[in-house]
Amino acid sequence: MASTIYPAATLPLVNCGQFRRGKLFTKHSRKYSTNSRLFSSPAGRRGLHIVASGTATQYGSVMEVSGRESEPPIYAWPDNNKRPRVCILGGGFGGLYTALRLESLTWPDDKKPQVVLIDQSERFVFKPLLYELLSGEVDEWEIAPRFSDLLANTAVKFFKDRVKSLHPRDHLGTNGDTVSGSAGVVHLESGLLLEYDWLVIALGAEAKLDVVPGSMEYAYPFSTLEDALRVNEKLTALERKYFGKDSPIRVTVVGCGYSGVELAATISERLQARGLVQAINVQKTILPNAPPGNRESALKVISSRNVQLLLGYFVRCIRREEGDIETLQELTNGEAGHDLTDARNPERLVLELEPAERGLKRQTVEADLVLWTVGSKSLLPQLETVNQQIDLSLNSRGQAETDETLRVKGHPRIFALGDSSALRDRRGKLLPDTAQVAFQQADFTGWNLWAAINDRPLLPFRFQNLGEMMTLGRYDAAVSPSFIEGLTLDGPIGHTARKVAYLIRLPTDEHRLKVGISWLTKSAVESAAFVQNTLNEVLSGS
1 MASTIYPAAT LPLVNCGQFR RGKLFTKHSR KYSTNSRLFS SPAGRRGLHI VASGTATQYG
61 SVMEVSGRES EPPIYAWPDN NKRPRVCILG GGFGGLYTAL RLESLTWPDD KKPQVVLIDQ
121 SERFVFKPLL YELLSGEVDE WEIAPRFSDL LANTAVKFFK DRVKSLHPRD HLGTNGDTVS
181 GSAGVVHLES GLLLEYDWLV IALGAEAKLD VVPGSMEYAY PFSTLEDALR VNEKLTALER
241 KYFGKDSPIR VTVVGCGYSG VELAATISER LQARGLVQAI NVQKTILPNA PPGNRESALK
301 VISSRNVQLL LGYFVRCIRR EEGDIETLQE LTNGEAGHDL TDARNPERLV LELEPAERGL
361 KRQTVEADLV LWTVGSKSLL PQLETVNQQI DLSLNSRGQA ETDETLRVKG HPRIFALGDS
421 SALRDRRGKL LPDTAQVAFQ QADFTGWNLW AAINDRPLLP FRFQNLGEMM TLGRYDAAVS
481 PSFIEGLTLD GPIGHTARKV AYLIRLPTDE HRLKVGISWL TKSAVESAAF VQNTLNEVLS
541 GS
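The opening residue of the sequence shown carries number 1 in full-length UniProt numbering; numbering runs sequentially from there.
Computed list of lysine-lysine pairs in DSBU-like fashion (alpha-carbon distance at most 35 Å, straight line):
1. Lys514 / Lys234
2. Lys82 / Lys164
3. Lys164 / Lys429
4. Lys409 / Lys429
5. Lys377 / Lys208
6. Lys522 / Lys234
7. Lys164 / Lys112
8. Lys160 / Lys111
9. Lys522 / Lys160
10. Lys82 / Lys112
In short, the hints are calculated from the structure, not lab data.
What you are looking at is a predicted structure, and each value in this text was computed from that prediction instead of being measured.
Kindly generate the complete structure, drawing on both the sequences and the hints.
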């Protein structure tokens with residue numbers, strides 16, 4: 001069954017104009033009120049009916065709501081109460097791979113769930129390969145395929161929308177509200193309501209920019225496809241501006257964890273002698289939590305490029321350097337649609353650095369572009385709920401507290417994973433917010449949903465650290481597998497090993513095949529060009 005993208009205007013809807021009592025969402029008018037009949041089966045809903053429009057779009061038939069336009073529409077599941085309804089919030093590693101896992105399992109005919117995947121973007125993003133967009137190694141479609149393409153051969157339905165609020169009801173009983181038969185409702189920004197029997201929260205996180213004065217206005221994050229494309233555009237604009245000039249392009253990277261070091265290595269390789277990359281870290285070393293082999297490989301590569309490490313400093317503030325509007329206009333020429341009032345123009349900025357320990361002096365650093373890689377925040381606390389903050393147990397980082405089966409504590413019908421989950425290992429330490437953790441949690445979440453629906457025991461999640469990988473440029477990387485202690489693959493071998501590992505991890509067999517062919521073709525073209533250049537040099541020398 002082909003998957004379809006459903007915009008809000010074309011979804012199957014039902015009228016809920018008869019519901020009067022009980023608040024569902026706090027920040028809206030009483031038009032969103034409900035009582036227990038909202039959660040009852042279709043047969044028990046008085047005044048609810050579906051009206052089919054005679055028009056059709058590329059997404060199929062358009063279903064319209066009869067009655068007052070102010071009433072919120074409810075999504076009509078194709079097989080409403082006959083098969084379990086699973087709603088997955090977020091299409092990152094956790095959400096998408098959970099949906100694909102559910103699709104791959106063997107189900108009894110009457111228990112195979114109806115699955116809806118919701119994300120505000122139309123593309124899945126393989127985030128570990130975003131750096132390759134800056135180096136030109138990959139194309140956008142390779143690491144950011146459309147959900148409609150990935151889910152084309154599945155029964156999973158994809159909705160491009162943003163989650164606005166949650167109304168869980170499974171805390172009222174062990175298996176949800178026994179009166180209504182629904183575990184809760186998801187309210188989307190488009191106004192659509194989705195009832196569900198099982199909910200998976202994998203909303204991910206966003207960059208935390210509101211850290212120091214000026215960081216929100218002037219620094220660029222690097223965590224989404226839009227971020228990567230925006231940074232690439234700014235670098236291209238700076239390369240045009242400084243072409244043929246003696247002054248170098250100054251790029252400052254705040255943070256020297258994996259993301260910061262990978263950015264510093266990739267950008268310094270791209271700019272070569274035309275640029276200077278300054279990497280700032282509050283600790284006296286880079287990659288403090290990485291395996292020693294990865295850290296040593298990164299230091300070796302960085303020391304061979306135009307990268308200046310400013311260790312033991314934190315950023316006090318970011319501000320504009322004094323300049324006139326003519327300079328700004330000259331800089332932004334060539335950027336179509338660029339808004340001069342935007343604070344993130346690629347103009348010269350000043351970062352004031354404060355020493356994190358004694359023995360260091362205050363510094364100021366000038367930059368044309370500032371990249372911020374420090375900190376992230378969960379998207380869960382942004383959701384609205386009933387008369388209070390979201391009715392889930394959240395930690396100080398805004399992540400849902402889960403048990404070892406990845407079920408949210410107090411909510412047996414809700415699973416949380418990835419950046420939305422606060423799960424601790426056997427030593428009581430929170431698991432890292434990495435793609436590797438989300439990969440593995442998605443596999444367990446899919447299986448535990450199968451087990452819960454089929455009344456089987458759930459499996460406790462146990463994270464298996466398979467090692468750590470990082471890119472250091474077009475032909476450089478560092479890979480430290482956990483199963484061979486002390487081994488680190490670096491240089492071209494590490495680069496190849498990393499790309500093969502991520503190729504295997506791409507979402508579907510079809511997409512893996514397409515990307516694999518593309519990468520092999522590019523490699524063959526580069527090899528042929530290298531051989532030709534070598535022959536030309538030999539012949540010209542003779």
